[in-house]
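Asks: Heads up: the protein sequence lines correspond to chains H, W and D, in order. For what it's worth, the numbering used here labels the leading residue of the first sequence as 1, then goes sequentially. For what it's worth, the numbering used here labels the leading residue of the second sequence as 1, then goes sequentially. For what it's worth, the numbering used here labels the leading residue of the third sequence as 1, then goes sequentially.
Certain hints may be false.
Label pairs and their in silico Cβ distance ranges [unchecked claim]:
(1) G91/H / L196/D: 39 to 45 angstroms
(2) H132/D / D140/H: 53 to 59 angstroms
(3) D19/W / F266/H: 41 to 47 angstroms
(4) P63/H / E206/W: 57 to 63 angstroms
(5) Y52/H / K138/D: 46 to 52 angstroms
(6) G91/H / G277/W: 21 to 27 angstroms
Note that these hints are calculated values from the structure, not bench results. Note that the Cβ used here is the ideal one computed from N, Cα and C, for glycine as well.
Each chain, written out:
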Amino acid sequence: MHIVVCIKQVPDSAQIRVHPVTNTIMRQGVPAIVNPYDLYALEEALKLKDEYGGRVTVLTMGPPMAEAALRKAISYGADDAILVTDRAFAGSDTLATSCALASAISQIHKDMPVDLIFTGKQTIDGDTAQVGPGIAKRLDMQLLTYVSKVRSINIDKQEIVVERRSEGGVQVLNTKLPSLITVLEGTNEMRFATMANMFRASRYPLKVWNREQAGIEDITKIGLKGSPTVVSKVFAPTARSIKAEMIECESGEPKDLSVTLLAKMFAKYPKLEQEIAKQA
Amino acid sequence: MMSEAEAKKPAGKKKFELDDRLKAYKGIWVFIEHERGVLHSVSLELLGEARKLADKLGVEVAGVVMGVPGETTRSFCNEAFHYGADLCYLLEDPLLADYRNEPFTKGMTDLVNKYQPEILLLGATTLGRDLAGSVATTLQTGLTADCTELNVDIDVRSLLATRPTFGGSLLCTIQTLNYRPQMATVRPRVMPMPDEDKSRAGRIVEEKLGMIETSIITKVLEFIPDEMQDKPQLPFADIIVSGGRGMKKPENFNLIWDLAAVLGAEVGATRPVVQSGWVELDRQVGQSGKTVRPKLYIAAGISGAIQHRVGMDASDVIIAINNDPNAPIFEFAHYGIVGNAMTILPALTEAFKSHLATARKVG
Amino acid sequence: MAEKFDVIVVGAGPSGNAAALRLAESGLSVLQIERGESPGSKNVQGAILYSDALERLIPDFRDDAPLERHIIEQRMWVLDDESFVGTHYRSDAFNNQPYNRYTMIRSQFDKWFSERVQKAGALIICETTVSHLLLDGKRVVGVMTDRQGGEIYADAVILADGVNSLLAKKAGFHPELEPKNVALAVKEIHFMPQELIEQRFNIKDEEGVVIEMVGKITKGMMGTGFLYTNRESITVGVGCMLSDFKKQKITPYDLLEQMKAHPSIKPMLQGGEMKEYTAHLIPEGGYNAMPDLYGDGWMIVGDAGMFVNAVHREGSNLAMTTGMHAADTLVELRKEGKPFLAANLKRYKAKLDESFVMKDLKKYKNMPDVFHTNPQFFNDYPELLSNAAKTMLTVDGVDKKTKEKEIGKSFRQRRSIFGLLGDTYKLWRALE
Ligand SMILES: Cc1cc2nc3c(=O)[nH]c(=O)nc-3n(C[C@H](O)[C@H](O)[C@H](O)COP(=O)(O)OP(=O)(O)OC[C@H]3O[C@@H](n4cnc5c(N)ncnc54)[C@H](O)[C@@H]3O)c2cc1C
Ligand SMILES: Cc1cc2nc3c(=O)[nH]c(=O)nc-3n(C[C@H](O)[C@H](O)[C@H](O)COP(=O)(O)OP(=O)(O)OC[C@H]3O[C@@H](n4cnc5c(N)ncnc54)[C@H](O)[C@@H]3O)c2cc1C
Ligand SMILES: Nc1ncnc2c1ncn2[C@@H]1O[C@H](COP(=O)(O)O)[C@@H](O)[C@H]1O
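One chain only, chain H, in its complex shape (with noise of 0.2 angstroms):
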């Protein structure tokens, strides 16, 4: 079983600052990191390597220092990563994303042919969970959002059934392989490299693809060329224009403080005062 593992690398957005004269983003110091959510993603798919056997690649899009993402990865136990770069992909929406993706998956599974591909829920700076779907619909292969376990696969039938989360519940599903997985967050949890693959992971020769080598010839479907989508403004969320009362009284007593709060809030919202009751 070939399964590939789309992962992306991104700043921890944990640690982003937003620079407080110009608004921009203060990428100084920030780390990059692997996309949490895909962490996931290859935690299950190593997972089913373990059971199953066969191989599991990497594929990620993006700037060179992505490269360590990939070897990441490696060091968790994949087999294989590729690194698809090209300036070409600059400015790239998820459409043209997803189109550079799965033309490269189309190169790959020429190799070795492709059982499943993974991907995680969505970014945290992208964030939009598109990518997944948009890559199971140009390779026209069955789609598994938001998976939450997969029960089993029978590698002769080419059957896989999982769980999927659904608002109101869980989806048990049967489809037929090759299929998309989008990996649910807490599904698994990463296990910790080994020093021999940590050796591997730093000796890995990686391979590194431009657009040729990932067999996309119409630059008109990449980069901001081959995205629908323009981001016309950027900016920081604005205060409300009437801050806070602040509610103060002599004795600065909470009894105090309380009683003059409710007072002073059932007068402006008498409608709020009935809700509450009759929610009580």
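We have chain H; now place chains W and D with the ligands onto it with these hints.
Replies: The following block gives chains W and D with the ligands in isolation, referenced to the frame of chain H:
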């Protein structure tokens, strides 16, 4: 297989002129989401939003209803009318019993190709995102996910879809210029629920799905519904009392529960609180948690970080309790009390108690 | 089948990088092991780079090293509660290439340095902690890491694991250091628009200013405050004896807060956004405290060997120089076909004696001797303290400030060093 891209390069922003080919696309569609006979409120919220946009553009609002043949499915059309739709496109087919990507994607793309809407809105639910991504790729058009605000640029008839970016620290407005339809998903509870108008009616346009079960590869083996009772329903709560890291200890969180009990409110929390396991994940309010819009939101020991704010600042009234007068939350709360939550909360609980008591005597 | 290298370097700070670079350039097989996510990931603070040491390792470093600003003005301030008297020395001579002192951001500098090391051919493995040294009798033959199948062998191991080296202590190469002789330095980095910095300090693009401060800001404790300008940020900090912090019942955090509120300092930080808060122990060891620097199959470099000039907060230059000499020694011995045994490695000490390193440290040798310890009392103590200081006081998430406030409380509440030990331990565990 996906339709070949007839996409032209998107024109630059200035003096933008829409392709004639695309001028034919008119009207705003809302996908009416339902599961197991229950209509998802996000679809109604979207109808309210679509109505506003449509009036600006001078076009109609259409609901798209797909489901098994029968009364329930048709009743969703009427609901759509009550909440602002002028017409509904109705796809009735036994194959649409449970949500499956394949038939729903085909149904939606066929409808779009035939009736050509300029804007297509879906809820950013697991179903909506699954469908939106597939439809957008199949139609080779632009999609903006997880929007918090929608507007239109009348001159170029372009949807202005605003959404958080970079972990919510910034907002960005995204446009789909030379592609149609312009697609967007919107999170539940971000948009206000419009008022129902039972007098409104509308046209129903019926279409056929034109698929047979054997042509659909994915099968639903079973459906395990979540047992609702013990699951907190924050998004729909009218009153929420939330605590943050400022509550210091899990024990102190009881003060939050006490106040909530008196008010018949749900209990919410910030991410750090959830991560340190004081309350369950379903109670997390914010960007990576639930979006809520209660009538009253009481925030104790919460700084008001943007990632929390985006989840709750649509609340009608916000009370903030924080011992730091400069805490950002006072920037957008309606009422603020500077002080120690451990002493303020009990007092507030008492105050509400006695107030309600008297209120009851009176009423 | 375990891996084997000519040399294993533990740590990817300035000293480890210097050593690994030199060794790799000379064709030895080198493995460098770093605990952090990436080299420098643990060291976000801004710092001063003294060119000389780096120049000898990478003559063309100015071409692509991530340097912030070269220093053209040095200010010396003596502050009381609301004012300061001071000297400003600015000279255009400082503007003549090649510049001598630069401000830099450690995380970026270490990363760049490490890339050079990698290009030179060393194998670098991060996110891996060396838990102890592998010994064959007295001789170090390799390291054990915290990963499954973690033993790795080498002819020599260079300990570049930083201040208060756990490895050296576990192996008994140097004794515990007494907490009352440890200085604690804290610093913050504040982001600020470049234009604002340049107009505020009246400097041009790439020019920088350093301010050294003494006086009331340290509440009568022995120590200094400092402030320097980076390209888009300002580094401000203060360092004092840890024991003094205890006596004064003030936390490093509060001390820095009060210092930043000083009327002469506050205006310089206005319009900035605090980004990182880090603290770091500096052993006041000095020359007398010099531990054994080498033995059969091992050498110590950088902070791990107490090569810190606490008075001037110099270190990275000593670190790089010691790293370089250690490497050169091994390279020479390998050429001469001599084994890496103590008898041959003493050449390393000789090289240091000739260099500015020992000369400087001699100058400060009258510093308190830190190595009279009572092991029965302070077995794990400095390790825990160091750990707590490093982990607790280093911003690596959102809530460090809160935690730091807590450690502060413990400083204040408890008087006895044991109480301090207890709290530090508690906090340290709390983070695990
Ligand atoms: C990608 C991403 C997604 C995120 N998603 C979410 C999300 O969905 N929801 C969310 O909440 N956060 C989210 N966060 C985290 C968010 O950035 C903040 O860290 C978090 O909201 C802060 O929680 P807090 O206010 O409880 O804690 P803090 O920010 O530490 O605030 C504690 C507050 O309590 C006050 N306080 C302290 N003691 C007292 C006292 N005795 N009495 C009264 N007040 C006191 C303090 O003054 C302070 O203002 C996300 C972050 C990222 C990077
Ligand atoms: C507040 C402060 C300000 C300073 N300012 C300056 C300044 O302006 N200029 C200057 O030149 N110097 C300055 N110094 C001193 C300077 O930071 C140090 O001297 C220098 O970093 C020493 O380098 P090193 O490589 O020996 O140790 P470090 O830089 O500490 O590197 C040690 C590395 O080893 C790793 N490590 C530790 N243990 C293990 C293990 N078991 N396994 C694997 N890896 C491990 C650590 O993660 C770390 O990356 C300052 C120090 C402080 C505290
Ligand atoms: N540039 C990329 N390279 C590889 N995989 C990606 C890339 N962008 C997105 N993905 C995958 O698609 C998933 C959804 O991403 P998004 O649509 O951006 O939320 C991610 O979890 C990744 O698995």
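Asks: Evaluate the given range 46 to 52 angstroms for the C-beta pair formed by Y52/H and K138/D.
Replies: holds, 50 angstroms
Asks: Given the range 57 to 63 angstroms, decide if the beta-carbon distance of P63/H to E206/W lies inside it.
Replies: Given about 50 angstroms between the Cβ atoms, the range is violated.
Asks: Measuring from beta carbon to beta carbon, are D19/W and F266/H in 41 to 47 angstroms?
Replies: Given a distance of about 56 angstroms, which is not inside 41 to 47 angstroms, the answer is violated.
Asks: The hint says 53 to 59 angstroms between H132/D and D140/H; measuring C-beta to C-beta, is that right?
Replies: holds, 55 angstroms
Asks: Check the following: the C-beta atoms of G91/H and L196/D are separated by a distance inside 39 to 45 angstroms.
Replies: violated, 31 angstroms
Asks: Taking the CB of G91/H and the CB of G277/W, does the distance hold inside 21 to 27 angstroms?
Replies: The hinted range 21 to 27 angstroms is violated for G91/H and G277/W, with Cβ atoms some 41 angstroms apart.
In summary, the numbered hints that this structure violates are 1, 3, 4, 6.
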